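As they're listed, the protein sequences go chains L and U. So the first sequence is residues 28 to 176, counted in this note's numbering. So the second sequence is residues -13 to 415, counted in this note's numbering.
A portion of the hints provided could be inaccurate.
Within a straight-line C-alpha distance of at most 27 Å, the following computed BS3-like cross-link-like pairs (lysine-lysine) qualify [claimed, not checked]:
| no. | chain 1 | residue 1 | chain 2 | residue 2 |
| --- | --- | --- | --- | --- |
| 1 | U | K43 | L | K70 |
| 2 | L | K40 | U | K168 |
| 3 | L | K40 | U | K(-6) |
| 4 | L | K62 | U | K291 |
| 5 | L | K68 | U | K378 |
| 6 | U | K203 | L | K84 |
| 7 | U | K265 | L | K149 |
| 8 | U | K7 | L | K40 |
| 9 | U | K82 | L | K62 |
| 10 | L | K62 | U | K289 |
| 11 | U | K43 | L | K62 |
| 12 | U | K268 | L | K51 |
| 13 | L | K40 | U | K(-12) |
| 14 | U | K43 | L | K137 |
| 15 | U | K392 | L | K69 |
| 16 | U | K82 | L | K69 |
| 17 | U | K87 | L | K68 |
| 18 | L | K62 | U | K87 |
| 19 | U | K58 | L | K137 |
Incomplete in silico selection of chain L near chain U, CB under 7 Å [claimed, not checked]:
| no. | residue |
| --- | --- |
| 20 | A58 |
| 21 | Q76 |
| 22 | G98 |
| 23 | T100 |
| 24 | I134 |
Examples of chain U residues toward chain L, derived with CB under 10 Å [said to hold, decoys possible]:
| no. | residue |
| --- | --- |
| 25 | Q10 |
| 26 | G40 |
| 27 | L42 |
| 28 | E134 |
| 29 | G154 |
| 30 | G201 |
| 31 | K386 |
| 32 | K392 |
Just so you know, these hints were derived from the structure itself, not from any lab. All of these numbers come straight from a predicted model, not from anything done at the bench. Each residue gets a CB set at the ideal place from its N, CA and C atoms; glycine is no exception.
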Amino acid sequence: MENKVFKGRVICKGNYEGECVVSKQGLNTLATFQKSALMNKKKVIGSDQNNPDVYGKNLTGVALILPQTIGSTTGGLVIQTICQMGINPSVLLFSEEIDSLAASGVILAKNWENSNIIAIDKLGSDILTAIKTGDKIKVTEDGTVTVIE
Amino acid sequence: MKLTKEEKAILDGQEGETKAKIMQTVVEFGELFGATELVPVTTSGHLVTSFGIGLLKPVYRIMDEIIDAGLKTPYPFTVDPRPIDYENVKCGLLNKLIFSKVMYSQQKHYEEQLSKIGLKNKNAFTCTCYLNEVGNTPKYGDVLSWAESSAVVFANSVLGARCNRNSGMLDIFGAILGKVPKFGLLTDEGRKANWVIEIKTSHLPEAQILGSAIGMKVMEDVPYVVGLDKFLGNELTDDVISYLKDFGAATASNGAVGLYHIENLTPEAKNFGKKLLNKDVKTYVIDDAELERVYKSYPVMWKDKNAKPTLCFIGCPHLSYNQLVSWTNKIEQALKETKKRKIAVRTIMTTAPDVKEKFSKTEEYKKLIAFGVKISSICPLMYTNNPIAGSKPIITNSNKLRTYSKSRYYKDEDILKIICGVKYGKQSF
Chain L
28 MENKVFKGRV
38 ICKGNYEGEC
48 VVSKQGLNTL
58 ATFQKSALMN
68 KKKVIGSDQN
78 NPDVYGKNLT
88 GVALILPQTI
98 GSTTGGLVIQ
108 TICQMGINPS
118 VLLFSEEIDS
128 LAASGVILAK
138 NWENSNIIAI
148 DKLGSDILTA
158 IKTGDKIKVT
168 EDGTVTVIE
Chain U
-13 MKLTKEEKAI
-3 LDGQEGETKA
7 KIMQTVVEFG
17 ELFGATELVP
27 VTTSGHLVTS
37 FGIGLLKPVY
47 RIMDEIIDAG
57 LKTPYPFTVD
67 PRPIDYENVK
77 CGLLNKLIFS
87 KVMYSQQKHY
97 EEQLSKIGLK
107 NKNAFTCTCY
117 LNEVGNTPKY
127 GDVLSWAESS
137 AVVFANSVLG
147 ARCNRNSGML
157 DIFGAILGKV
167 PKFGLLTDEG
177 RKANWVIEIK
187 TSHLPEAQIL
197 GSAIGMKVME
207 DVPYVVGLDK
217 FLGNELTDDV
227 ISYLKDFGAA
237 TASNGAVGLY
247 HIENLTPEAK
257 NFGKKLLNKD
267 VKTYVIDDAE
277 LERVYKSYPV
287 MWKDKNAKPT
297 LCFIGCPHLS
307 YNQLVSWTNK
317 IEQALKETKK
327 RKIAVRTIMT
337 TAPDVKEKFS
347 KTEEYKKLIA
357 FGVKISSICP
367 LMYTNNPIAG
377 SKPIITNSNK
387 LRTYSKSRYY
397 KDEDILKIIC
407 GVKYGKQSF
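Turn these sequences into a full structure, and let the hints guide you.
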């Protein structure tokens, strides 16, 4: 079977191979990450009760596939903080154009925390249905996302 | 991005390393969205980060860098509400210990940092900085470097100011530079609507459910709402402003709305009407059934779903003066009907410090206090999202608070019944 391939715009480049979690709906950054961050946990377990796609799932070290982020304008700061704590997803893959809060978080993390969180946007809405949570994917520096398993 | 000579000099480090890094961050942020220039910020800032959570180490470190570099904002700024108010929102010893020593251990230090870089005054802590009593009220066309999703959407939609949905930290950076990148909601094109929302309800919808429904549907797009003026009229009266404040907060927390237009009511909708619609608009019809579907979709996160509520928060975002008066009158009437003198559920109403000062001089204030209601300027969200408070059955009429905590949402009329001890459903609280 032919591997599914998606190509997007590179915001922060890097290579990744591993599991992904897919949020089909807008991801509320504060609601998703706040509980684990506040409790100083070593891993983020998604805590947004309104988003069954991520609720209760490990989000640390995974590739998180989402349309955009939504909700509180603390969003960027939350991403910066989880990067500083080292509990962030390794990759953020946006089907749409990245939103202003996620963009802030990625840039803040890169410029102020020397974080290497990978971010790619404009991957197209098909990625939200073609890839399932638990699939193994490969992300390369040129913004290509491939399903490998 | 095309920078002026002065902006380039800052980027090159001629005004110090910290300011250069701030400029670099703001420029990179703008370039990601195709901004071709920076534009001047024309009035005071508003910051979302008001809480000294120990874990937010990046904030305190960057604030120290800003202070050490001698940087300040050109205009005094306001900031979101404080997370603690032991006088009016009493909590047990363990809770106090968790708040003061663990969760908000940096509160005092952080407030000192805020003061050093340009905090307006001790009353500057509220999410409703735009209310007249507080006075951080932008004019039509003002360019802002604000965060706080509910304040940004209000400033854009109700006041006609121009502000993107900035993140915490970017709000400070823009306020310090006095410049923000021009893209999105700062442009005429970015303020056009992609959605027409047709309101076909039998009565004025609950603001927070309507906002929630629209936010979930349009996400970060701009909605143009038709048919709401039938209920709200064509003037931005104090009551209408309060309604739009709560409506907008829900669009921004259940979605990512930064601007909405209400036909024949909000300033740009009045000025430009349907010219604000993009070519390929989508339509979302909201009737009574759709609102009920959305309301019923809210999960109840209490362990015991039939538990008796032990605390009620009203005022996320903070209540306006009119809302405080209105709640007083409604509670007075409900208590008369039940022949009770005091409310049955511990209730905290939250409002801006300046609004509280004004309200505290009224007869209604005395009544509300006599009924047993406490008035605070705390941030209910910051209070409820800790494990101890989170395990208690808390009720609220705020969709935003529901979204970020385990608090259970009720409509205004149901909240009134519950806190006044009126028989509600199968239960009498």
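- prompt: Which of the stated hints cannot be reconciled with the structure, identified by number in ascending sequence?
  reply: none
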